[in-house]
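Two chains, two frames, a set of hints: combine them into the complex.
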Amino acid sequence: MHPAVYKVGLHYLSGDISGGNARCIAMLQAFQEVIKDYSTPPEKTLSRDLTAKISSYVSFFTECRPLSVSMGNAIRFLKSRIAKLPLTMSESEAKTTLQSDIDHFINEKIIVADKVIVSHAVTKIRDGDVLLTYGSSSAVEMILQRAHELGKQFRVVLVDSRPKLEGQLLLRRLVAKGISCTYTHINAISYIMHEATRVFLGASAVLSNGTVYSRVGTACVAMVAHAFDVPVLVCCEAYKFHERVQLDSICSNELGDPHAIANVPGREQLNFLDGCAKSDNLQLLNLIYDVMPSDYVSMIITDYGMVPPTSVPVIVREYRREHLWM
Amino acid sequence: MDFQVVVLAGGFSKKLVPLVSKEVPKALLPVANRPVLSYVLDLLEQSNLKDLIVVVEGSDAAFRVGGWISAAYLDRLHVDVAPVPEDIGTAGALRAISHHLTARDILVVSGDLVSDVPPGAVAAAHRRHDAVVTATLCSNPVSGPADSGSSGAKDKTKKPGRNIIGLDPSRQFLLHIAAGAELEKDLRVQKSILRAVGEMELRADLMDAHLYAIKRSVLLEVLDQKETFQSIKKDVLPYLVRSQLKSEVLSNGAPQVEENGNDKVNSQSKRITQSQILANASNRSFHELYAFGPDGSASARRTHKCCVYIANNNKYCARLNSIQAFSDINRDVTGEANHLSGYSFSAHNNLIHPSAELGSKTTVGPHCLLGEGSQMGDKCSVKRSVIGRHCRIGSSVKIVNSVVMDHVTIGDGCSVQGSVVCSNVQLQERVTLKDCQVGASYVVTAGSEYRGESLAKKEK
Numbered sequence: 001m002h003p004a005v006y007k008v009g010l011h012y013l014s015g016d017i018s019g020g021n022a023r024c025i026a027m028l029q030a031f032q033e034v035i036k037d038y039s040t041p042p043e044k045t046l047s048r049d050l051t052a053k054i055s056s057y058v059s060f061f062t063e064c065r066p067l068s069v070s071m072g073n074a075i076r077f078l079k080s081r082i083a084k085l086p087l088t089m090s091e092s093e094a095k096t097t098l099q100s101d102i103d104h105f106i107n108e109k110i111i112v113a114d115k116v117i118v119s120h121a122v123t124k125i126r127d128g129d130v131l132l133t134y135g136s137s138s139a140v141e142m143i144l145q146r147a148h149e150l151g152k153q154f155r156v157v158l159v160d161s162r163p164k165l166e167g168q169l170l171l172r173r174l175v176a177k178g179i180s181c182t183y184t185h186i187n188a189i190s191y192i193m194h195e196a197t198r199v200f201l202g203a204s205a206v207l208s209n210g211t212v213y214s215r216v217g218t219a220c221v222a223m224v225a226h227a228f229d230v231p232v233l234v235c236c237e238a239y240k241f242h243e244r245v246q247l248d249s250i251c252s253n254e255l256g257d258p259h260a261i262a263n264v265p266g267r268e269q270l271n272f273l274d275g276c277a278k279s280d281n282l283q284l285l286n287l288i289y290d291v292m293p294s295d296y297v298s299m300i301i302t303d304y305g306m307v308p309p310t311s312v313p314v315i316v317r318e319y320r321r322e323h324l325w326m
Numbered sequence: 001m002d003f004q005v006v007v008l009a010g011g012f013s014k015k016l017v018p019l020v021s022k023e024v025p026k027a028l029l030p031v032a033n034r035p036v037l038s039y040v041l042d043l044l045e046q047s048n049l050k051d052l053i054v055v056v057e058g059s060d061a062a063f064r065v066g067g068w069i070s071a072a073y074l075d076r077l078h079v080d081v082a083p084v085p086e087d088i089g090t091a092g093a094l095r096a097i098s099h100h101l102t103a104r105d106i107l108v109v110s111g112d113l114v115s116d117v118p119p120g121a122v123a124a125a126h127r128r129h130d131a132v133v134t135a136t137l138c139s140n141p142v143s144g145p146a147d148s149g150s151s152g153a154k155d156k157t158k159k160p161g162r163n164i165i166g167l168d169p170s171r172q173f174l175l176h177i178a179a180g181a182e183l184e185k186d187l188r189v190q191k192s193i194l195r196a197v198g199e200m201e202l203r204a205d206l207m208d209a210h211l212y213a214i215k216r217s218v219l220l221e222v223l224d225q226k227e228t229f230q231s232i233k234k235d236v237l238p239y240l241v242r243s244q245l246k247s248e249v250l251s252n253g254a255p256q257v258e259e260n261g262n263d264k265v266n267s268q269s270k271r272i273t274q275s276q277i278l279a280n281a282s283n284r285s286f287h288e289l290y291a292f293g294p295d296g297s298a299s300a301r302r303t304h305k306c307c308v309y310i311a312n313n314n315k316y317c318a319r320l321n322s323i324q325a326f327s328d329i330n331r332d333v334t335g336e337a338n339h340l341s342g343y344s345f346s347a348h349n350n351l352i353h354p355s356a357e358l359g360s361k362t363t364v365g366p367h368c369l370l371g372e373g374s375q376m377g378d379k380c381s382v383k384r385s386v387i388g389r390h391c392r393i394g395s396s397v398k399i400v401n402s403v404v405m406d407h408v409t410i411g412d413g414c415s416v417q418g419s420v421v422c423s424n425v426q427l428q429e430r431v432t433l434k435d436c437q438v439g440a441s442y443v444v445t446a447g448s449e450y451r452g453e454s455l456a457k458k459e460k
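Those protein sequences? They're chains A and B, same order as listed. So the first sequence is numbered by the UniProt record's numbering: it starts at 1 and just counts up by one. So the second sequence is numbered by the UniProt record's numbering: it starts at 1 and just counts up by one.
The hints are simulated quantities; they were obtained by calculation from the structure and are not laboratory data. Predicted model, so just to flag it, every value in this text is computed and none were measured. There's no promise every hint is true.
Claimed, not checked - One side of the interface only, derived from the structure: several residues of chain A facing chain B at Cβ under 8 Å: (1) 10; (2) 17; (3) 18; (4) 19; (5) 26; (6) 106; (7) 111; (8) 138.
Stated by the list, open to error - Taking CB as the label site, the calculated pair distances span: (9) A:119 <-> B:199: 42 to 50 Å; (10) B:186 <-> A:175: 22 to 30 Å; (11) B:335 <-> A:287: 43 to 51 Å; (12) B:100 <-> A:175: 49 to 57 Å; (13) A:287 <-> B:2: 32 to 40 Å.
As the list claims (entries may be wrong) - Derived DSS-like pairs: lysine-lysine, alpha-carbon spacing no greater than 25 Å straight-line: (14) A:53 <-> B:50; (15) B:50 <-> A:7; (16) B:185 <-> B:233; (17) B:234 <-> B:246; (18) A:36 <-> B:379; (19) B:234 <-> A:7; (20) A:278 <-> B:315; (21) B:185 <-> A:177; (22) A:115 <-> B:270.
Here a beta-carbon is modelled for each residue, glycine too, at the ideal position from N, C-alpha and C.
Bound-form chain B, shown alone (with noise of 0.2 Å):
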């Protein structure tokens, strides 16, 4: 349908560390034992998009993302893995594969998406006003317990994601957005927009998904002209919005006239007649009344419109950007979003697989995952939480609210609750964590008791 898809699946997040490490990079961080980033590409198999580009940050994350995506999905789907350097932003990161850009519009997608919001629902909305950009909005998801670690005591005024969107009274334009820093300073309206439209409506309960439909002329003609611009979200679509009705990206407004030599009088008010008839016929937007001027006369303003698709309540829609959204969404997608999960959960709620084995007076709540090969001790309970592959846990263990990763060891009588917990990681005997994060192959020594803390391997 002539959308090319872009996934910018980021490289090493400095918020998930201890999670993130240089042999797993953020698009590889699992999540209810699949990679995040599985999650995007199958909605996308799904709404039948089946050629992408996949953008990493760092080479050697990429190769690391395009191993795993060309042994999972080596016939369902087209991939193509480019690797961008560090730190370039979202933006950047566009402008290094713009080259690679053929198709009219481009859909840009995070890679840290989880989501069943249909891509085919916004670019139908994209088409449908011929628009330059459309953006997915869906209602703020509800965070668990906030982390009392050391990250939460810092950012207590910030809550992530939190957005100031205006919207005109159809709810189909977006007439305002600004969000992070901007949100501290006064919040700024274009008059201009305002006086077109008539009525606005400012909503603070909607989260960005990152899901965006661009056009990919406006996209290059804006990447080109202005070389600051570094992240799509705070620069790119904040300048598009605000000006969508003094548009300098595009030519559009004012219908080509043939030069025709002789037939140019005739066939110009023929073309007239014809675009009045479908004019008068059809439900002008704002856009279109401002460009034609008070007076009805076609004047020289140029617009462009910026669309916005408001996604269903009943969607689930949550983005991977931090220590507490890794918590939520490892819950979510085995609680209430398990459909997501792509796994059939048992009579009980829980998924364990056939392989696990399970200790003698062993409990496994619901709302649990337990991957294959894992072994568990006797007398074990587990609850609301997601255990890995090739995990050894020994007897009396309580692991509440808690992922465990793979390949993890786990002593006898331990006391794990709403951590998590790395791959390759040992914690010894009678170890208590609570709210702390773990990172990769580090020795938790035996007896320690940590609260909130972030442990990692010292990096040489």
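Okay, chain A solo, but in the shape it has when bound (with noise of 0.2 Å):
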């Protein structure tokens, strides 16, 4: 077990690191420290043995936290990269090849994606808007601040929600950098959103089907936006777009910690949930993600472009091809 492995290992499972994109980044980097303290053992193949030893490592990964599908996207193409060496090459050669492999993933498809899509998206903000957005997404967080930064004038409405409240840190950053926001929590959604005139939200995943992968919540807000008939915009790198088709989110979703739903931290008086786990007819329900229908999303914007949730399909079919023989 490499070192780098084990301790983005221990911070997945302890909820250190959390977001599409920053695990992707945590994992690849980890990555790139196994390949580069590797060395082939006598009578074996560099992209067997390495294949072997990743998928090992993936196995730890999925232990301390389920994989998401950017993580495992990203899984693909490194294998895809191995075995694609040719044999002749020495091993030296190999690994820094698989470097900066993993280097240019990490740029293109990751921090490229995002400049432009924050690009793409700044051009759909005018001044006076009230921009509304839930949760912490990586990418619309770079969004808000590209757009302060070119001078708009807008507000911006964020919008949190227990056990996580991983809104509360995206707060202190905006603020910090002078922009003017309001937060709340779900339970105030309907009120809120007559405010609101774009809804900027962030994906875990895209499906084929054009339904939306994410935080817990977000169907919810895009569900009263599309009932107040505000736009929705989701924004999304191209390499968390994945094949499968999912139509509800009890199939395929992540459990986590039921304690933490009945914990409200601040507040010991409200524990009527004491006690909970040794009811045998109780049980709670954390989920992770949930999963948003396409009629509710008016637009992804994605480094490919400004497209409509029915062009998902067609960028998994035709770029895929692509990528994998980059």
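As structure tokens, this is what we get:
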């Protein structure tokens, strides 16, 4: 077990790192360390042995926390690059090639993709807009910061929800930049929606039928926005697209810690669910993700442009091949 | 897993006289008929840490310990026994073997620890935060009736092992540690640490288990720079905890940027974006927040983290550092913590070796251990005691709450209560011992009565 992999796995397990892009970058950096310290054992080929090693680390990561779609796609990319290495290449050359491939992947698929998304999205922000966002998405944060740098006059409504309260960190960073923000919880979404002119949401993955797989609560925000006729723009890098299809949130999801729902931090007197774990016929369900049908999404902003949700299977089909033969 | 283990097995502790002697260094003192060092080695073997360095003070003791280890652990562990000069303290011992240390992190274990705290969990806590040092804390063990013997009266005011520990609200980081003599003076807390964290929890009910995970580069740097540091617990650990926000030992913090010529600007901004995404997504500890300054810009403050692992209440953890502790640990290992002893106890909750002979009408109560080859006479009664191997015990002997080591001869009509009798001792008839310690190879004359005394052969 490589120490870098172990450390990143512990971060996942404890929740120190969360968010699709951050988890993917952390995992790829750990794999770069692994490749740097790797040496082929005798009688074995580099590609097969290294692939086996990476698979064992991936199962370790899955034990710590189930893989996100972004991580899964990155692993598929890495394995295909390892398999494509010519047998005549020496070990040190192969290692440097793989490391630079990982660097390119991070750069093109995440960093530059984010820049492209930001440049598309700021064209959709006009002066006087009230932008609503939910939770903490790295892409949406970059959009808001860039729009503020360009001098656009807008204000932000940040909707947050228990148990993770991820929006609070984003709120601090936005307020530190000087953006005027309103902070509320998801129970008040229908009260605040009439003020919003646009809704920007992030995604963990976008599936082939146009459904958006994102943090629990996002679907609720999108539905209310749709009811109020507010356009919903989902910002997602193209490497998070996946060819599977999902119709509801229950068939494939991740379970969080049930006690996190029962405790309200800071208000110990609200302990009605104490001792619930001992009861046989009560199970606390803490779902991490939910699924937003494509009817609620007005547009998906990706690094391939601003597309309607129905174009997602086209992008997956056409550009996946190019990506694999890169 | 890139951890190297150093076991500090001590030498001849003065606190444990007369139990320790030239033949029996502290590491080989028997607890439940097994040398105390075997508990640490078994724990490490179970956690799959097989490359060890055992440090012993005094070449004589090192020779004996090395001999025992190679006999008992021949193929199971790979152990290097390193002798160091006497009385140089734990930090001094590490300084002496510093050239043997190669791994990235060092796990320092005290050889007199009897515990089932998993070292793997301590290592995980250490790695998770990339800490410089991780200490293991556990709740104070319940100690038996205080020794009313000579040693007890003198230090009634000092309870051994009392610490004052300051923890952050999430109980992961160590903010303050004070132990021993410093407890008498006022408590001094670093204001910068308190201001950075906001809230500190002070606890006096935790005991230091002397199982530390330390980063090797930091350890070597501290030992080099601070020549006067003798003890890890009293000097090195408080120094690292005090200086955690004004670190002079590490160069961490600002990410290194490669000097790459024309691409320098581009790669720099790429790395900054990358690290921004990672930083924004992760929970920051108060160290990072402090290092980055109040306005969010990266300032030159360097910090290092001192983590702590608090063992669960159901884990047993005790250190053999006094005679009282010796009796307590023996009692616990045959009693509540008998999973540690590795033996399986019979239905009567005691362990009598198959080759031991008991006379008629002899009773052996629960929580007792009878070693192999021991013979007991008639009408004896043994309660809550440990009896070693090849002992010859006469008739009508009462042994209560005591530890009797190997090859002891006890005459008829003796009564041993709350005492420790070392190897090769001869107790003649009708001797009464209460709360005493009898050193090795001593002969107690018939009919004598001792209360709370320490009997040992005069060294020539």
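Verification of the supplied hints:
1. 10: holds (4 Å)
2. 17: holds (5 Å)
3. 18: holds (6 Å)
4. 19: holds (4 Å)
5. 26: holds (6 Å)
6. 106: With a closest approach of 7 Å, the residue 106 (chain A) hint holds.
7. 111: holds (5 Å)
8. 138: holds (5 Å)
9. A:119 <-> B:199: 42 to 50 Å: Taking Cβ atoms as reference, residue 119 (chain A) and residue 199 (chain B) lie about 43 Å apart, which means the hint holds.
10. B:186 <-> A:175: 22 to 30 Å: Given range 22 to 30 Å: violated, Cβ gap about 41 Å.
11. B:335 <-> A:287: 43 to 51 Å: Given range 43 to 51 Å: holds, Cβ gap about 47 Å.
12. B:100 <-> A:175: 49 to 57 Å: Once the Cβ atoms are compared, 53 Å apart, the range 49 to 57 Å for residue 175 (chain A) and residue 100 (chain B) holds.
13. A:287 <-> B:2: 32 to 40 Å: holds (37 Å)
14. A:53 <-> B:50: Answer holds: residue 53 (chain A) to residue 50 (chain B) is near 23 Å, not above 25 Å.
15. B:50 <-> A:7: holds (22 Å)
16. B:185 <-> B:233: Answer holds: residue 185 (chain B) to residue 233 (chain B) is near 18 Å, not above 25 Å.
17. B:234 <-> B:246: Within the cut-off at roughly 20 Å; holds.
18. A:36 <-> B:379: violated (72 Å)
19. B:234 <-> A:7: violated (30 Å)
20. A:278 <-> B:315: Holds: residue 278 (chain A) and residue 315 (chain B) sit about 23 Å apart, inside 25 Å.
21. B:185 <-> A:177: Violated - the C-alpha atoms of residue 177 (chain A) and residue 185 (chain B) are around 47 Å apart, more than 25 Å.
22. A:115 <-> B:270: holds (11 Å)
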